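Novice: If you want the building blocks of each chain, they are given just below.
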Amino acid sequence: MYKTLVFASLLLGTAHATTYPLTLTDDLGRKVTLKSEPMRIVSMLPSDSETLCALGACDKLVGVDEYSDYPAQLSKVAKVGNLYQPNIEALVALKPDLVLVSKYGDLTAPLTNAGITVVAVNPETYEEVFSKTLTLGKIVNREAQAKALVTQMRRDIAKVEILTKNAAHKPTTYYEIDPTPYTVGPNSFIGVLLTKAGATNIIPASLGDFPKISPELVVKSAPQLIFGVDPAAAKARPGWNTIPAVKTGQVIKDDALDHILSRPGPRLPQALLGLAKRVHPELFR
Amino acid sequence: MVKTLLLLLLTCCTVVLAVGLGSVPIAPADTLRAIGHGLSGAELSGSDVIVWQLRLPRVVLGLLVGAALAVSGGAFQGVFRNPLADPYLMGVASGAGLGATLVIALGLGSLFVPPLTLLGALLSVAVALTIAREGRRLPPARLILAGVVVGSILTALTTFLLLQNEDRVRQVFAFTLGNLAFAGWPQVIRLTPYVLIGGGVLLLLSRALNILQLGDLTARSLGLPVERLRLLVIVAASLCTAGAVSYAGIIGFVGLVTPHLVRRLWSGDYRVLLPISALSGGTLLVLSDLLARTLTRPAELPVGVVTTLLGGPFFLYLLRRQAT
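Line by line, the protein sequences give chains U and X. Under my numbering, the first sequence has 88 at position 88, and the numbering climbs by one with no breaks. Add 1000 to a position in the second sequence, counting from 1, and you land on the number used in my numbering.
One or more of the hints may lead you astray.
[Stated by the list, open to error] Just the calculated beta-carbon pair ranges, DEER-fashion:
| hint | chain 1 | residue 1 | chain 2 | residue 2 | range |
| --- | --- | --- | --- | --- | --- |
| 1 | U | E124 | X | L1108 | 30 to 38 Å |
| 2 | X | F1160 | U | A93 | 22 to 30 Å |
| 3 | X | P1313 | U | A168 | 49 to 57 Å |
| 4 | X | F1160 | U | T125 | 29 to 37 Å |
| 5 | X | D1030 | U | C58 | 58 to 66 Å |
| 6 | U | E89 | X | L1010 | 57 to 65 Å |
| 7 | U | G29 | X | L1009 | 48 to 56 Å |
| 8 | X | G1109 | U | Q85 | 25 to 33 Å |
Keep in mind that the hints were calculated from the coordinates and are not lab data. Values in this document were obtained by computation on a predicted structure and should not be read as measured data. The beta-carbon is built from N, C-alpha and C at its ideal position, and this holds for glycine as well.
Only chain U is shown next, with the shape it has when bound in the complex (with noise of 0.2 Å):
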């Protein structure tokens, strides 16, 4: 009994503090070793430094980048530049013990030249924004914090997804990411939110995460519902006027949903509860 209970304690343990030095593989396939819990970190990615506040970390973050504007307590946070104009002077004279980076940017050479451990983990689809949180409780040493965050994570979303999952009309969807038009293939981590809110994208799987499509396509799949473009640039476009969504007035521009849809991190419950008050009014009332 004893001895089970030590075990317990012991695997308990384990599970809720990171041995150091932890040895992990980053999304630049690179073997990296963080010798001790990270103290002073700098995250080059909005969304990892929305992650680390939601984790309780907040206060490691002695530099953000430029974009991160999320949570408010952010701002008085240093500002370094971003992943493609990173001020690399002002990162390393605030001596941190880490640095998130992305996949993109090239800031890893100079910065493990100047002897920074760097790490890149960047979310791009939707199971990785919780695979994401995972990891990166394990490098700040909140682990069972990243756990449960990611619990109440799926469970907010469920809440959702329960609610519009028996929708009896799942409206077709168009949702535009820039007009050159640029969309969201179902797969895409804006696509599969898309889908949960009760949404049926018109635009096939095949073409990718986020493909260059012909208008020709959202004229000929009459979509009820359209994301992220302007209502009158909607109908000054030829033959847009006879999409139903343009016809109905359901062309949505939300420039505060967009701009949370665009961070793979903890608001994406925020992000889904958004969408499917657009998609389905009638079932949040």
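Fit chain X to the given chain U structure using the hints.
Specialist: Frame of chain U, contents of chain X only:
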């Protein structure tokens, strides 16, 4: 003569194919019916909308833009006697790019893109002309230098603006590759006067361009007002190009290479070169756009990529054949 007839046939076939095929498959009978409905002004629905309001104006705009770029390219090469001159030489493209970037960076609606690109393009030409002027003369070498440097400065400004608005980079990038995706009849109607006036003036000047090939001195001694002619050609060609850029973005290659193709297959006589270039340029662009929207359908490729991949190898083949 046979070659010209063949080209006309190719143009017709290309237009028919381009209207019939697209990212959304539509049966030939439905296509014809849609055109009938469109012409008669009947109520449009379903595939009628795609054929009449999206595809047909897209093809017509392609013809206009391709023609405008090719004619301006030929005229620029003639007036500078430089085989590398292209419609964007005087900073037209960079000025247009800056205009479009301003619209996107300031978050103005896409309806503002054409007027500001046009303004940017024409202003950059005006600046280049002013700087290059030497008293009343416009020496070609100074013009090219001024155009290239004005272009570089404007490109740097554009890049700076873009870096301040990184989330919009892709939109501007797409503009620099050209885009016919949102062509409609209103765009066609607005672009037509630029191409007709600019292109018309260039066609009227084709005899003078022939004389200019003999050199400034000879041309002057034959009574040609060289400087005024040069200014007129630049203004007309820039007008043509700026109009095209403001409705279709920057589509490279067509303007640079089409006149050379025509020179090699027909003749260097500008009275032949310019009209045949217009026809070939339009056909090349419509064909490229057809491939751009069908190769990966219902996704699309940037048309500028296709024009280069299609025209480039053919040009290299001609170059090689002539050399040996």
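Novice: For every hint, state whether the structure bears it out.
Specialist: Each hint tested on the structure:
| no. | hint | result |
| --- | --- | --- |
| 1 | U:E124 x X:L1108: 30 to 38 Å | holds, 31 Å |
| 2 | X:F1160 x U:A93: 22 to 30 Å | holds, 26 Å |
| 3 | X:P1313 x U:A168: 49 to 57 Å | holds, 55 Å |
| 4 | X:F1160 x U:T125: 29 to 37 Å | holds, 34 Å |
| 5 | X:D1030 x U:C58: 58 to 66 Å | holds, 60 Å |
| 6 | U:E89 x X:L1010: 57 to 65 Å | holds, 59 Å |
| 7 | U:G29 x X:L1009: 48 to 56 Å | holds, 55 Å |
| 8 | X:G1109 x U:Q85: 25 to 33 Å | holds, 28 Å |
Going through the hint list in order, the structure satisfies each hint without exception.
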